[in-house]
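There are 2 protein chains.
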Amino acid sequence: MSALLEQLIEGLRVLPGVGAKSAQRMAYHLLERDREGAQRLAERLLAAVEHIRHCAQCRDFSETEVCAICASPSRDRSVLCVVESPADRLAIEQATGYRGLYFVLQGRLSPLDGIGPRQLGLDVLAERLAGGEVRELIIATNSTVEGEATAHYLAQLARQANVKPSRPAQGLPLGGELEYIDRGTLAHAFGSRSEASG
Amino acid sequence: MSALLEQLIEGLRVLPGVGAKSAQRMAYHLLERDREGAQRLAERLLAAVEHIRHCAQCRDFSETEVCAICASPSRDRSVLCVVESPADRLAIEQATGYRGLYFVLQGRLSPLDGIGPRQLGLDVLAERLAGGEVRELIIATNSTVEGEATAHYLAQLARQANVKPSRPAQGLPLGGELEYIDRGTLAHAFGSRSEASG
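Residue numbers (this note's numbering), protein chains in the order written: chain B, 145 to 342; chain X, 145 to 342.
Derived by calculation from the structure, the hints in this document are not laboratory data.
Treat the hints loosely; a few may be bogus.
[What the hints assert, rightly or not] Coverage of chain X stretches by chain B, computed from C-beta distances (three or more under 8 Å per stretch; other residues unrestricted):
hint, region
1, 162-176
2, 186-198
[Unchecked claim] Take a look, some chain X residues computed to stay more than 12 Å from chain B by CB distance:
hint, residue
3, L149
4, E154
5, S206
6, R233
7, P255
8, R262
9, G275
10, G276
11, R279
12, S287
13, E292
14, Q304
15, N306
16, A313
17, L316
18, S336
C-beta atoms are modelled at their ideal positions from N, C-alpha and C, and glycine is treated no differently.
Given the sequences, and given the hints that come with them, work out the whole structure.
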């Protein structure tokens, strides 16, 4: 096989979820059917790597020192929502009418992997909470074991700075069928039932 | 979201099997965990697009006018194996002891998609068969409907040029694609090829 082709196939394996076979298929596809697309992808990769960094305030990806949301004068600076990843922030932004600011951990506490408070920028967050502008910290980490541990840590951080910590409600998803809900969710939803209206 | 990030996510969708969600995950992964890998991938894409073309003799991908296999003095020039794709050629090369040459169609006859003999380079192949050097044409197209139709056409082409057409033994599972067959089956089928009908 051509050396350049082998290098391309190996290069494609940096993509998550792409093994040897998929990388090979991708390389053949690009070379045979979409050389323009491959060239465009290369240019965009280079531009992204060169220009995209982390927002100095929320740690989300940004081309500018401070991202568009953090810089917006129309957002409510008294509410801060902590999420694990940029994808989580995007999901909240698209689904809810939330008008406060964000803080993106880019991970979760995981001491065994060497990811502690410092790696998640929690020292920066603590300083910000101490600043007095933030009055509520919405902790929207995932409800996994590590996400919950991170949430616990964040709640303590908030209380120390006299900021009110909150968590999005947990329960049955809207439109979900009881039969297909996992046991943990169902048990929790049953345990924390509230009075019905009507 | 950052415009460059959006462009990167859209750019990743040229990859086969990558939808909006996977492209987003890939972009986040590269930016957060492997910027070096992203840069390397970009460079390899550009090098591949610029330098990889088709071998003038077998139509496989090659950096040079004639690929390494076609140029090799140690290959048997009296046997020519026709495959649909470079991946098929690679699979045969890795699994069998085949020492002849190849011809890569880069597709299969599919009149409805506008892919006729000319698009597969069959005019070039016919000339080569007429040259008198080739004595056997191994037709290793996939055993799909279109692959079989292509095989039938190729067998006629061979007979017209007084070249013996053959097919790998029908040990290959029906409807299977050559690229994904296990080596043992492929090697066996190659060893017991028989004369082609048509």
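The hints, checked one at a time:
| no. | hint | in the structure |
| --- | --- | --- |
| 1 | 162-176 | holds (count 10) |
| 2 | 186-198 | holds (count 10) |
| 3 | L149 | 6 Å, violated |
| 4 | E154 | 8 Å, violated |
| 5 | S206 | 6 Å, violated |
| 6 | R233 | 9 Å, violated |
| 7 | P255 | 19 Å, holds |
| 8 | R262 | 17 Å, holds |
| 9 | G275 | 26 Å, holds |
| 10 | G276 | 30 Å, holds |
| 11 | R279 | 27 Å, holds |
| 12 | S287 | 19 Å, holds |
| 13 | E292 | 22 Å, holds |
| 14 | Q304 | 29 Å, holds |
| 15 | N306 | 32 Å, holds |
| 16 | A313 | 25 Å, holds |
| 17 | L316 | 18 Å, holds |
| 18 | S336 | 27 Å, holds |
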